[in-house]
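Could you put the whole structure together from the sequences, leaning on the hints where they help?
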Amino acid sequence: GAVVSQHPSRVICKSGTSVKIECRSLDFQATTMFWYRQFPKKSLMLMATSNEGSKATYEQGVEKDKFLINHASLTLSTLTVTSAHPEDSSFYICSAYPGPQETQYFGPGTRLLVL
Amino acid sequence: GNSVTQMEGPVTLSEEAFLTINCTYTATGYPSLFWYVQYPGEGLQLLLKATKADDKGSNKGFEATYRKETTSFHLEKGSVQVSDSAVYFCALPKAAGNKLTFGGGTRVLVKP
Chain A
4 GAVVSQHPSR VICKSGTSVK IECRSLDFQA TTMFWYRQFP KKSLMLMATS
54 NEGSKATYEQ GVEKDKFLIN HASLTLSTLT VTSAHPEDSS FYICSAYPGP
104 QETQYFGPGT RLLVL
Chain B
13 GNSVTQMEGP VTLSEEAFLT INCTYTATGY PSLFWYVQYP GEGLQLLLKA
63 TKADDKGSNK GFEATYRKET TSFHLEKGSV QVSDSAVYFC ALPKAAGNKL
113 TFGGGTRVLV KP
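Those protein sequence lines, which keep their order, are chains A and B.
When we follow the numbering used here, the leftmost residue of the first sequence carries the number 4, and every step to the right adds one.
When we follow the numbering used here, the leftmost residue of the second sequence carries the number 13, and every step to the right adds one.
Since the hints were made in silico from the structure, they are not lab data.
These figures come from a predicted structure and were not determined experimentally.
Among the hints, erroneous ones may be present.
As the list claims (entries may be wrong) - For lysine-lysine, the following DSS-like pairs were computed, each having C-alpha atoms within a straight-line distance of at most 25 Å:
no., chain 1, residue 1, chain 2, residue 2
1, B, Lys-111, A, Lys-58
2, B, Lys-123, A, Lys-44
3, B, Lys-106, B, Lys-68
4, B, Lys-111, A, Lys-45
5, B, Lys-61, B, Lys-106
Have a look at this one:
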């Protein structure tokens with residue numbers, strides 16, 4: 004149980020295009036999902052907290068217009084990197100939080116390369 | 013807010029060696045403590061957790077004991093395998109709520 008999927012697993016795009024990454028909790032509902040960014044050989048950096056039915060909460064320094072988050076249902080959150088540039092290339096990981104007394108369950112990550 | 017510090021890697025070991033990865037924390041109260049593992053090219057997986065002082069979390073031969081006296085949660089495994097090669101992250105809640113704060117990660121490489 005407690006499986007989280009991400010799609011796509013890898014994406015290569017041209018500079019200036021937008022890329023959408025999906026995060027799904029497959030066998031549980033999650034009112035809260037989190038989006039992280041991980042640079043090579045670095046720890047995870049929390050980008051934003053996604054709450055079902057409401058606006059996402061962004062961490063300091065994260066551009067909300069650059070990284071659009073939508074949490075349309077209790078099992079799906081999407082991250083859209085708008086007008087992507089090479090510096091947006093990174094490993095993006097989502098996690099889903101079932102509720103109190105639980106831990107976060109992480110997706111397998113999406114590797115984005117912007118050319 | 014809460015924070016966690018873990019030893020830097022990389023840690024290189026031979027198969028069947030003993031592994032210890034140090035993790036210390038500062039926190040208000042006694043939050044749950046976690047170890048996550050990240051295999052190459054993958055996301056994070058929860059390895060083990062402890063929810064209160066003196067609890068021992070264990071999984072896949074790994075153990076960690078929640079020690080409030082030393083504010084530590086060191087990860088240990090008595091005999092590592094090549095398949096244990098990964099990056100290990102110590103984590104705890106940032107504050108009240110469900111956000112996590114992670115240590116910097118420790119890369120472990122086990123050689124045959």
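Outcome of the hint check:
no.	hint	verdict
1	Lys-111(B) / Lys-58(A)	holds (16 Å)
2	Lys-123(B) / Lys-44(A)	holds (19 Å)
3	Lys-106(B) / Lys-68(B)	holds (21 Å)
4	Lys-111(B) / Lys-45(A)	holds (18 Å)
5	Lys-61(B) / Lys-106(B)	holds (16 Å)
Every hint, counting from the list given before, is met by this structure.
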